[in-house]
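Student: Take a look at the letters that make up each chain.
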Amino acid sequence: MGLLHIIYKKPSGKLAKDRLKILLISDRLNCSPEMMEMIKMDIAKVISKYMQVDAQSMEIQITREAARGRVMKSPILYANVPIMDMKH
Amino acid sequence: MCEVIVITSGKGGVGKTTTTANLGTGLAAMGKKVALIDTDIGLRNLDVIMGLENRIVYNLVDVVEGKCRIKQALIKDKRYPGLYLMPSAQTRDKSAVTPPQMVKMIAALREQFDFVILDCPAGIEQGFQNAIAGADRALVITTPEVSSIRDADRIIGRLEANEIERTDLVVNKLKIDMVRRGDMMSVSDVADILAIPLIGIVPDDENVVIAANQGEPLVGNATLAGRAYKNIALRVMGEEVPFLNFEKRISIWTRVTGIFHRN
Numbered sequence: 009m010g011l012l013h014i015i016y017k018k019p020s021g022k023l024a025k026d027r028l029k030i031l032l033i034s035d036r037l038n039c040s041p042e043m044m045e046m047i048k049m050d051i052a053k054v055i056s057k058y059m060q061v062d063a064q065s066m067e068i069q070i071t072r073e074a075a076r077g078r079v080m081k082s083p084i085l086y087a088n089v090p091i092m093d094m095k096h
Numbered sequence: 002m003c004e005v006i007v008i009t010s011g012k013g014g015v016g017k018t019t020t021t022a023n024l025g026t027g028l029a030a031m032g033k034k035v036a037l038i039d040t041d042i043g044l045r046n047l048d049v050i051m052g053l054e055n056r057i058v059y060n061l062v063d064v065v066e067g068k069c070r071i072k073q074a075l076i077k078d079k080r081y082p083g084l085y086l087m088p089s090a091q092t093r094d095k096s097a098v099t100p101p102q103m104v105k106m107i108a109a110l111r112e113q114f115d116f117v118i119l120d121c122p123a124g125i126e127q128g129f130q131n132a133i134a135g136a137d138r139a140l141v142i143t144t145p146e147v148s149s150i151r152d153a154d155r156i157i158g159r160l161e162a163n164e165i166e167r168t169d170l171v172v173n174k175l176k177i178d179m180v181r182r183g184d185m186m187s188v189s190d191v192a193d194i195l196a197i198p199l200i201g202i203v204p205d206d207e208n209v210v211i212a213a214n215q216g217e218p219l220v221g222n223a224t225l226a227g228r229a230y231k232n233i234a235l236r237v238m239g240e241e242v243p244f245l246n247f248e249k250r251i252s253i254w255t256r257v258t259g260i261f262h263r264n
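Sequence order for the protein chains is A and B. Read left to right, the first sequence gives residues 9 to 96 (our numbering). Read left to right, the second sequence gives residues 2 to 264 (our numbering).
Honestly, the hints are just simulated from the structure, not real lab data. Where a beta carbon is used, it is the ideal one built from N, C-alpha and C, also for glycine. Treat each hint with caution, since some may be false.
[Stated by the list, open to error] When the alpha-carbon atoms are kept at most 27 Å apart in a straight line, the in silico BS3-like pairs for lysine-lysine are as follows:
#, chain 1, residue 1, chain 2, residue 2
1, A, 25, B, 72
2, B, 12, A, 25
3, B, 77, B, 105
4, B, 34, B, 72
5, A, 18, B, 176
6, A, 22, B, 12
7, B, 105, B, 72
[Claimed, not checked] Heads up, incomplete: computed chain B residues facing chain A, CB under 10 Å, no partners named:
#, residue
8, 147
9, 187
10, 193
11, 205
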């Protein structure tokens, strides 16, 4: 372990908070990773009717924080869908 | 007006029984009439924390089964005039009592007490359902550790689903020096994640173990935990009490000498 690594290592308290935030979202929704994968595939299928998307590098995430760090009451589903080409 | 409070956490060993004993004793010390009920059937411990283990004759299951009257199962704590304990049964299991039976018993206790405090067992099975059945409000106890916070979150969900009017958070066993080093989540981190109002912060204090050894609740004495528990009792009664500032207590001298104590 290099010196830089020691200096920039995330304090374990911060790590715990970050891990819990993600963990509790799936606990609260009762949503398994398999289900997330199925949602992802279905979103890709629907959007690819209209445009060519890169399903492999697509990401979906459920969080409580909306844009600009605002905490929302209900969780929000974010999807990053890279568009490769528009179909016309 | 009687208030029925359930002390719960999900995970075991985070301090439900200690909190029950100290909150109840604190309220009784301020002149309230308080009944403490141990609902952990088969694994009772509130009696030993209160130092009343030698005075048990009847228990919760006897009351529910009609083998004795409520009054006979309530042990009077001689230290405070209004403090009573109903112990749990040690030789039975959680299925010996049902939620409707608990509601019925608590309804009878409401007429005689200002506060009824229920010590909930760990877990989310029948013991938990029994404990929350008759409660108006809940205190959720957690330590600043991932496992305990995760379980607390599940419990908060269950309490909401069971329409408990009010749920407050107690962060227990806080290690101040670890938080300062960034190696433990701070109280605001925990409160932020669980998103329910904070009602108490109890630092990790050796005196809690000593008090348990002696069977003597430490609420109200000069120890850090004793003061923290007294503040929780005041807040439960609706008073606004500022949170203890643990950071401030470390003087420059302790910091200087602390350098030599580090291993």
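Student: Just to be careful, I want the Cα atoms of residue 77/B and residue 105/B compared with a cutoff of 27 Å; is the pair within it?
Tutor: Holds. Residue 77/B to residue 105/B sits at ~22 Å (cutoff 27 Å).
Student: Minimum Cβ distance from residue 147/B to chain A below 10 Å?
Tutor: holds, 5 Å
Student: For the pair supplied as a hint, residue 25/A and residue 72/B, confirm whether the alpha-carbon distance does not exceed 27 Å.
Tutor: It is violated: about 47 Å lies between the C-alpha atoms, which goes past 27 Å.
Student: Take the shortest C-beta to C-beta distance between residue 187/B and chain A; is it under 10 Å?
Tutor: With a minimum Cβ separation of about 7 Å from chain A (threshold 10 Å), the hint on residue 187/B holds.
Student: Would the hint on residue 193/B be counted as holding, given a Cβ-Cβ threshold of 10 Å to chain A?
Tutor: Cβ of residue 193/B sits 8 Å from chain A, so the hint holds.
Student: Just to be careful, I want the Cα atoms of residue 34/B and residue 72/B compared with a cutoff of 27 Å; is the pair within it?
Tutor: holds, 14 Å
Student: Is the interface hint satisfied for residue 205/B? The criterion is a beta-carbon contact with chain A at less than 10 Å.
Tutor: violated, 15 Å
Student: Hint check: residue 12/B vs residue 25/A, CA-CA at most 27 Å. Holds or violated?
Tutor: holds, 18 Å
Student: Would the hint linking residue 105/B and residue 72/B be met if the CA-CA limit is 27 Å?
Tutor: Holds, at roughly 15 Å.
Student: Between the alpha carbons of residue 22/A and residue 12/B, is the straight-line distance 27 Å or under?
Tutor: holds, 22 Å
Student: Would you mind confirming whether the straight-line C-alpha gap from residue 18/A to residue 176/B stays at or under 27 Å?
Tutor: Holds, at roughly 19 Å.
Going through the hint list in order, the structure does not satisfy hints 1, 11.
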